[in-house]
Amino acid sequence: MSRIRRLPASAVAAATALALALTACSSKAEDDGGDNGSGGGDGASGELETGAGVTDTTITLGALTDMTGPYATLGASITQVQQMYVEEINGAGGICERELALEVRDHGYDPEKAISAYNELQPNVLAFPQFIGSPYVTAVKDQVDSTDMVPIVAQAWTASLLGSPYIQMVGATYDVETINAIDFLVSEHGLAEGDKIGQIYFEGDYGENALEGAEYAAEQLGMSVVGQMIKPTDEDMTAQVSALAQEGVSAIVISAGPRQAASIAGVAAAAGLNVPIIGNNSAFAPQLLATEAAPALLNNFYIAASTLPIGDEAAKDIADSYLAAYPDATLDNGVLAGYNAIEIITEAARLACDNGKLTREGLTEALRTMSGFPGLGVTHDFSDPANPSTLETVILKPDADAPGGMVVHREAAVSDIAGSFPRE
Amino acid sequence: MSEPLTKTGNPPPSAPAAPPSAAPSGGPAPAGSGRGRLHRRLRRLLPAAGALILLALPFYAEAFWLRAGLFAMAAAIGAIGLNLLTGSTGQLSLGHSFFLAVGAYGYCLFAGDPDGTTTGWGLPPLLAMVLAVALAGVAGGLFSPIAGRLRGAYLGIATLALIFIGQHVLFNAKDLTGGFNGRPVPVLEFLGLSFDNEKTLVAGVPFTAVEKLWYLGLVLLAAGALFAVGVLKSRPGRAMNAIRDHRIAAGVMGIPVARYRGAVFVLSSMYAGLAGVLLALVFQRTVPGYFGISLALTYLAMIVIGGLGSVGGAVLGAAFVTLIPQILTRYSESLPLISAPGTGGVAPGEASELLYGAAVVAAVLFLPGGLVRLPLVLRMRRQARRRTKTS
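Chains as they are written, first to last, in UniProt numbering: chain X, 1 to 424; chain H, 1 to 391.
Chain H extracted, bound-state conformation (with noise of 0.2 Å):
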């Protein structure tokens, strides 16, 4: 148990934020004896563990690693509300980049003052983002129409129509979004808190932007991931999933099919938002060009390669997808075989983007369950090497 917390001591490249907090914890642990009750003890305190990983990391990890952090973390929500969409209920959105979008310029637009250039209804900023992600559940909902009787891969390309839509208007409605550069976003406040870049003192460690919006990110990622379990524990997970693996029987078991998927796209949307917000409040500033098609992909590798279908999943598959070319961004230069840029060999970039793509086919190849499932592949590993043993 002091295992994990030895770690805290020493963090910055050996502990990179790594958000799994709320992954449940993958299949049955083997049954009977000591070694079951102490697989059981490291069962609950592994979650606790990690928390409290996360819950230190402000106080050590370089503002680097925590910036890295919150985009894993913001696209941990937003993967969680796609996974909900795809993985659970079997509706493909290219879409989704745009209803980030929505909440990232909703926010700003909500909490920000007008400065001649840009329009802004100055809103309190805790107000601003609730209304940011209801407008971006408004937005699922003028959709749901189209996303309620259109299944799989029609949906993804009626939703492409919305990227296309979403990048015309974010460059061209210069007053709402303050065109090609983007628009600043306000700094949230609330409670006397306010998320800006002024030092505070915490214990001694000195507190910016991204050590206070670190804990909001942790705050969000764990009610948004509650709130999805919860969703796919119960009655309406249930009927997702029942659409997903048979329309027609599950329309005939009575469950309303359209109603249920225009209402799990407006949900979606709203993660979408959510995560979207985080987003801005962590880039200090919307950029239009970043809400594209490459990014509604993106999410989409994220649940395919964390796992369809699993809140933690997603969650693993965001923080893999979204550390990964941080990582090798920052190390590029000190990897073997890397040339000095025009030197003719690999340069630093390249490289990092070449080992990006091996990773992502290698988890797909490799753990086609997708990253969720790893623990449990390894255990059946272990257990059909202990059965040769014995045998």
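In isolation and in its complexed conformation, chain X is listed as follows (with noise of 0.2 Å):
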């Protein structure tokens, strides 16, 4: 017995000696670069800086992506164009006499992968250009404002997440864009001072920042908003119709998903609520005209967005070579959204080449010099941080015949109430 008892003890200190001595060797210890050390080759590329993410050969962007969970179609598009997007570019030589690659991770909407996925590529990136899951976003905010410093676009557009040098949204916060619709339903469709607007939105924040914006667009109109709360799960709005149709609503507002959007305007038709209705950019998808809510959705219905069209003359470039690469695909705002990302992205990168400083502080640095950066249909202006890139709001409609089921019924403009919303 003591003889077994005494050999674990000489082993384990005879390991421990051996641990202590292999730590001394580890790859992780530091050699002085820190964060941007490995990727560093000032002396080969002559006066350009360069950082975390970028080499002699390659520009390294990552993407978070979203193609299994739920926002699987927006990631899948979004995704795609920014793969060919990079093709494109390679093609025409490059930026800064690099190749860019895409470096793409699938968070399924799973916080434990999407904050892993984050971490992992962070250290080899030079930017973001896609950043799927406000929440996930949100979660390594100060992360991302303390030390990692890394450019990162996402696809949200939530004012919560205004305010940080390095996270970018590229068009109107929610709140703008539902002040610009109702102002919308004030020149077109006659509410005036007294009339109630309902309101359906999704719990969080995507639906409660629209919230935020109709109720001081309501106030500062005289009218009131009667807001009806509903899950991402629910899917039959008929209480929630009803219940609007019984106060009286002279117009709807959605701040809710495609689906939603569809049983909200079927309902409100076979009840003979005959009232405009008006959804934000999520609450549309062009799979919604080949379900029974077409006729209803092709009468009255609208969405307020930040970028014309995926049908319109305007981005037929980006939707023919999209369809080239892709046949299968279905043409739809996402694959704009994912194209301006990038495009903002590497416009910037550009631009910190031309300035002999390729890193993420040249990025955001050149990024704030962008202040009229032509989007699709609206202008961009990424000098504040602290604002929406833009307060334009387009108004679209549904159109069977268009690709991408929509058509331009406005062009971009800037509601009085919109310049006045006030931006702590």
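Hints listed in this document are in silico derivations from the structure and should not be mistaken for laboratory results. No experiment lies behind these values; they were computed from the predicted model shown. Using N, Cα and C, we set each Cβ at its ideal position, and we do this for glycine too. You may find that some hints are simply not true.
[As the list claims (entries may be wrong)] Result set (EDC-like, lysine to aspartate or glutamate): computed pairs, CA atoms no more than 16 Å apart in a straight line:
# : chain 1 : residue 1 : chain 2 : residue 2
1 : X       : Lys196    : X       : Glu247
2 : X       : Lys196    : X       : Glu215
3 : H       : Lys174    : X       : Glu203
4 : H       : Lys199    : X       : Asp148
5 : H       : Lys199    : H       : Glu62
6 : X       : Lys397    : X       : Glu188
[What the hints assert, rightly or not] A partial selection of chain H residues facing chain X, derived with a Cβ cut-off under 7 Å:
# : residue
7 : Ser144
8 : Tyr290
9 : Glu353
Make one complex out of these two single chains by using the hints.
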């Protein structure tokens, strides 16, 4: 017994010594380079200062997407168009004499995978042109602001993400978009003081941010908002629509998903509630026009967005090359959102390269100088991280014949109320 | 004996964080002869070597592996709790994620400072941690009148209500939970140690939050596992098994069945609460959507895959269920037969989901007693082969 006892003790001692000795040559040991040590190539490329994600031959970008979870359609569109964009750029000689590479991680809207994937890619990329899932962007926000300082384009339009110098959204936030939508209802559908606006909104930051905008607009215009909060899993909107009908609303604002929009339009038409319906940009998908709700949607339904529809002439080149690369894919506005996002990042990278500073810091500085960036139908201003990149909103209308299912109803415009919306 | 140590020398892909150090070492070893002595020796050495590897990992493994390992450790703590309830006492719970949420949000509430939108009590983090675990226990205690009276699947249905109540509260009690986007998790600090992202050099290796939390996770897991083993090996453990196997017989023998069921439910909630705190510390932000029904089902999967009723099984199952999706997500692009997104084949994300599903089915199909039976199954097969050879 004692023999057996003695053995592990000595083994443990020997092993400890060995382990401590091995520690000395760990690959993780610090070599004064810090975060951006590995990618640096200062001598070979002359004056150009480079950092994480940039080597002498490659610029690596990261994409945190959701292709297996609730935002699978959006994630697929964005990822595919960004892959296509990367190939186009590389075909045309790359950027800063380097090829672009896109590292994609599919987190399936799972927080464990999302946080892990961000932390895995983060040390090796220059920027993230895609990050789906506003809760996870919020989760890493402190880390981004304090240590990582990596530019991120988040595919979200909620005001709670404003204010970080590194996290960028392309387009108006939901509050501004909703204000412009209500302004449109006033100018074209004759809503007036004393009217009630019904709003059906998701619990969570999308719906609640839109509600803030609606309440501000209603207050300014002397109207009132009748809110109906729903969960993303609620799909039958009969109860909500009849509640709004009983309140006698003059219009309905939808800050929910496409399924809810289809149900609302269908139920309202069946119940004889003949009021204009307008949704935020996430409330429509071209697939809806193949459902029974199509006649109702074509009749009295609008969408507020910060970009032209994919079927517009201005987006024809993108749509054509997208369909050439992915013949089976559906054209939706995720394609444009993804395209815009990576275009902005590469444009900033080009500027940063010209300034001789192709680093995260250089990219962020370059982004700040982009105050008149031409998007599709609207102009973006990235100079102030505390404000959305634009206050303009395009009003779209479903159209069964247009690619992507939507056409422009009213060109981009800013309402006076949106301009006065206070932002702390 | 140098075999496991050389492994520590080249860590990244070959040494994923496997925390089964607390696993009891399988069935009985074949007795007698020199071979038997070697076995005995090995059985004593293996846990020590495993513990050493775990202790040395933060010096070698990338942050990705450490984070994955921490998720696995937190899951293991929660799974041990659920296994006490479901595996050992035969009570089904579908509300485990609710108690994880109580622990996670409880810690944020007790340790957090009020910041205008959310309330916080600003207590010392270590005290907040203890209080959060106690709060989860209290929540379990409030439910114990129900937990004590209902059995098996009926309790499962009743606990389902907790998930829905929990989700509603998490999304809507904004000053407590921060709503949809959650609230930031205060950094754990005690005795001058701070588990934050500030780089601290230890033997030349920069330690950030994950490296520091790794050791906290090991300590919590080891303590939780030892306590559970203690419970299971003593009088209460036998009483719990008696209740699971024959409730009426247990009652006749003088075991207060309702009180035991209630108490086990409280204990299991406290394990979940501790797991919640550790998870929150790793995430650095609590997100309400995480604590839903699918998380509760994942925990059930862990204990079934690992092995019902044993602490080692819970730990193994938690490691399996947590690590496989992480590994598959990371390496999905280099798997065979995978096509780039949008080209019509199987996309990396889908492939990893499919493989994960297949792994779960395979584990349940070929190891009905759980992963914890793997050494036993292998040994039996080896003996059978030897017997056919000699005969």
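Status of the hints after comparison with the structure:
Pair hint Lys196 of chain X plus Glu247 of chain X holds up; C-alpha atoms about 8 Å apart against a cutoff of 16 Å. Of the supplied pair hints, the one linking Lys196 of chain X and Glu215 of chain X holds, its CA atoms being roughly 11 Å apart against a limit of 16 Å. For the hint linking Lys174 of chain H to Glu203 of chain X, the alpha-carbon distance of about 11 Å falls within 16 Å, and the restraint holds. A hinted pair counts as satisfied when its Cα atoms are at most 16 Å apart, and Lys199 of chain H with Asp148 of chain X qualifies at roughly 13 Å.
Taken as a hint, the Lys199 of chain H and Glu62 of chain H pair is honoured in the structure, with Cα atoms around 15 Å apart against an allowance of 16 Å. Distance hint between Lys397 of chain X and Glu188 of chain X is fulfilled; the C-alpha atoms sit about 14 Å from each other, no more than 16 Å. Annotation: Ser144 of chain H was flagged as interfacial toward chain X, and the flag is violated, the nearest CB pair being 30 Å apart, outside 7 Å. The interface hint given for Tyr290 of chain H holds, since its Cβ lies 5 Å from the closest Cβ of chain X, which is under the 7 Å cut-off.
Against a cut-off of 7 Å between C-beta atoms, the interface hint on Glu353 of chain H holds, since the closest Cβ of chain X lies about 6 Å away.
Going down the numbered hints, you'll see the structure goes against just number 7.
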